[in-house]
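**Student:** Here is how the chains run, residue by residue.
Protein chains: 2
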Amino acid sequence: MQTHVGKTKSHKNFFFKCSSCNYSYETSMPSFISEELPKLLEVKPANLKRSFENGNIKFYDNQGIQGLQFRKSVGRIESGTMICLGDKIDIIRGFPKIRRTLMLSPSVKIHFNQEVAVEEKMNGYNVRIALINNKIIAFTRGGYICPYTTKKAPEIMEMENFFMDHPDLVICGEMVGTENPYVTHHYREIGKLGFRIFDLREKASNKPMSVFDKVEALEFYGLPHVELFGIIDINEAPERIFELVIELGREDREGVVIKDPEMKIEPLKYTSSQAHNGEIQYAFTYPFDFGRSFFFSRVIREGFQAYELNESEDEIRKRAHMIGESIIYPMIRTIKHVADDNSASEDIIIHVDNLKEAEDFARHLRDLGVVATVHSFRDGKAIIRRVHQSTTDRISNFLRGGLY
Amino acid sequence: MQTHVGKTKSHKNFFFKCSSCNYSYETSMPSFISEELPKLLEVKPANLKRSFENGNIKFYDNQGIQGLQFRKSVGRIESGTMICLGDKIDIIRGFPKIRRTLMLSPSVKIHFNQEVAVEEKMNGYNVRIALINNKIIAFTRGGYICPYTTKKAPEIMEMENFFMDHPDLVICGEMVGTENPYVTHHYREIGKLGFRIFDLREKASNKPMSVFDKVEALEFYGLPHVELFGIIDINEAPERIFELVIELGREDREGVVIKDPEMKIEPLKYTSSQAHNGEIQYAFTYPFDFGRSFFFSRVIREGFQAYELNESEDEIRKRAHMIGESIIYPMIRTIKHVADDNSASEDIIIHVDNLKEAEDFARHLRDLGVVATVHSFRDGKAIIRRVHQSTTDRISNFLRGGLY
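Residue numbers (my numbering), protein chains in the order written: chain A, 1 to 404; chain B, 1 to 404.
FYI, nobody ran anything at the bench for these hints, they're computed from the structure. Hints are not guaranteed to be accurate.
Which copy is meant is left open, so a pair is good if it fits within one copy or across any two.
Below are the BS3-like pairs computed for lysine-lysine, each with C-alpha atoms no more than 25 Å apart in a straight line [as the list claims (entries may be wrong)]:
hint, residue 1, residue 2
1, K381, K356
2, K264, K88
3, K336, K109
4, K88, K44
5, K264, K207
6, K264, K135
7, K318, K151
8, K88, K381
9, K49, K264
10, K318, K356
11, K88, K207
12, K269, K336
13, K72, K44
14, K356, K88
15, K356, K192
16, K207, K269
17, K97, K72
18, K336, K207
19, K381, K192
Just so it is clear, the structure is predicted and the values come from calculations on it, not from any experiment.
For reference, chain A alone in the conformation it holds in the complex (with noise of 0.2 Å):
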């Protein structure tokens, strides 16, 4: 099948050729999304039109494949699913939210039944990877496809047998590292650039693979997984997890995924205090950008853990100076540094063929919404500047005298 569209109005014209038949047919997008989308997702009709009327489904062009993106849930369909319109239709769905608790105890007890199976949760960017119109193709978190990751994903692993063998499997994982342009963290076992694989999942339905089998599948392909901690029983599993937790938050690592070996409940994920400042650290950083959203739920997590683990005065008073420096150091090296005439701003390394890729790369930041021009390339290394506009125009406002 072929689908083309129509350039007057892209959302209005929709047209379908089948490439081994020859037949073809004609629909406008909405009555695709009213009549067709709504039995391949099992969703009403109704919901569909309407998110499509919203702008919350939109047409996605892009990196040669042309699809439909949902901007936000409909249903059960999760934010960031594509509709892929390639040679068939595939139905990559969004990465489904992980719930937190803040009191491990109450929760995992309450939430799984007799064993919990333990993952490390890793500080990076999710990824969902899929065959499409036999291509590889990387997906970020929101459903658009990442040009980086889709080039640098097929080399750091060799998915070629796994996709051959699992046409209509996801691989769902974490790429990290410290050069990489969305989230750099360091992890000594990985340096600049790695991914780590936490899901196996169905195409159009979602379905996960059961921990294990997941995990023989990987090994089998040779294919890099989250670090598996264990399977625990479930009255055992607080004090553990706290153990790990800590043991994690130690080596600057962010915490754990709490799955059911059988992936029939939903994971929920814990994280380490030291997590929590890096965050609220980066938050403070660019202050008018981030501060506000990442703030709030970051310190309640703080709250929670100190009492969950029964803290002392001292320990609790270590907890709140980390906090409050988390936020004053980085915020006061960001007003100097926009006192002295700079712009707040971070700098994103990325490894290209050639100064084209990294352009095209600010380009896919730059239609996410991102301030980012390539400011250097050289040797394969490309500096891409991504400045923080709220931060450096609200800071340069105050320090020449403007109001609150």
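Given the structure of chain A, go ahead and fit chain B onto it with the hints provided.
**Tutor:** Just chain B, lined up with the frame of chain A:
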């Protein structure tokens, strides 16, 4: 002029009857708003009409006063404005928002002329007092008539003579002290309840008296005003204000309002680190009710204050630790309190003549959307318990293992 309001749909019927000539006419409230009010307020009819339709201008009938309450600003007419429909129409304009500077030095010089008047900003609640239908009535910031303040203000200070001579002025001031129903703060010179006046403004126009005339008038009538620290040359102002604010902070006082002595330029406010921390502590005592909205602006103030004071590493560390403690300590205290099966509530002390007055006041709070009940009444002292419902509910839920 008498006004009557129909009973079936209160905003539909609206009668005027002149008490001297007996001329009467009837108009619907919508047509009063789009035809009479624009002339009184010098605002475009369409803007008033829209605001009324959106529910931002409400009919108000309480404590024997009927009127129109502005829940949001319309053009130059401030939120909190009340159009009182009594023997005559009295327009009590909302108290204008005082903007804040984050950087004293540039903004004071940009904003003002040769001199500034510096007055203390006190930590209480903003009240406007005016003569309506020959009665002294106290309005809250939002334009609600506060039964308690209306009763207490005349007990605290003698306003009869002032209003006899100046029926067209509005007394704007702060109700302060440890036993008031809204914002309690200890001032050694005030104790349980006191009032300090900062502005005298004309009804209808909202024009403020100059600082000199205001102080003279208040002293003539023996009415209490906020402290005027002095009229300061603009070049010395930033340094002098910093000295004042640091000294005020040491005494756990809030800060200053910086005014054009002629009151022709809008005032600015600047506050102490102790005030910021005090508010963060309050907010994180009830984190799910106030934490999110209170927090951000307070820490931003701390960042700029530390920067402008060019603080040493040690001073910045102290500031950071103080903020962290202001967040974590109250939050953990409240988590423990709720874990012991209590609600997150605060007790408000008011002094009333009888139980009915206490119950009237609790009802007034509930009208404002506050969960409040009379907890006890004895010897003229009522305790009103105010429950912070979101904090209580969400903390209980997380403690039981609820997910975030």
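**Student:** With identical chains, the pair K356 and K88 could be close in the same copy or across copies; at 25 Å between alpha carbons, which is it: within, between, both, or neither?
**Tutor:** neither (31 Å within a copy, 74 Å between copies)
**Student:** My question is about K269 and K336: at a cut-off of 25 Å on alpha-carbon distance, are they close within one copy, between copies, both, or neither?
**Tutor:** between (36 Å within a copy, 23 Å between copies)
**Student:** Could you figure out if K356 and K192 sit no more than 25 Å apart (CA to CA) within one copy, between two copies, both or neither?
**Tutor:** Only inside one copy: K356 and K192 sit 22 Å apart there, 71 Å across copies, limit 25 Å.
**Student:** With identical chains, the pair K207 and K269 could be close in the same copy or across copies; at 25 Å between alpha carbons, which is it: within, between, both, or neither?
**Tutor:** within (19 Å within a copy, 57 Å between copies)
**Student:** When Cα atoms must be at most 25 Å apart, do K88 and K207 count as within-copy, between-copy, both, or neither?
**Tutor:** Within one copy only: 20 Å inside, 71 Å across.
**Student:** Within a copy, between copies, both or neither: where do K264 and K135 come within 25 Å Cα-Cα?
**Tutor:** neither (30 Å within a copy, 69 Å between copies)
**Student:** If the cut is 25 Å between Cα atoms, do K264 and K88 qualify within a copy, between copies, both or neither?
**Tutor:** neither (29 Å within a copy, 71 Å between copies)
**Student:** At most 25 Å between CA atoms: does that hold for K264 and K207 within a copy, between copies, both, or neither?
**Tutor:** within (9 Å within a copy, 68 Å between copies)
**Student:** Is it within a copy, between copies, both, or neither that the alpha carbon of K381 lies no farther than 25 Å from that of K192?
**Tutor:** Within. Shortest intra-copy distance 12 Å satisfies the 25 Å Cα cut-off; inter-copy 68 Å does not.
**Student:** Check K318 against K356 for me: Cα-Cα at most 25 Å, and say if that holds within a copy, between copies, both or neither.
**Tutor:** neither (48 Å within a copy, 49 Å between copies)
**Student:** Can you give me the call for K381 and K356, within, between, both or neither, at a CA distance of at most 25 Å?
**Tutor:** within (12 Å within a copy, 76 Å between copies)
**Student:** At 25 Å max between alpha carbons, let me know whether K88 reaches K381 within a copy, between copies, both or neither.
**Tutor:** neither (37 Å within a copy, 77 Å between copies)
Consistency with the previously given hints fails for numbers 2, 6, 7, 8, 9, 10, 14 and 18, ordered from lowest to highest.
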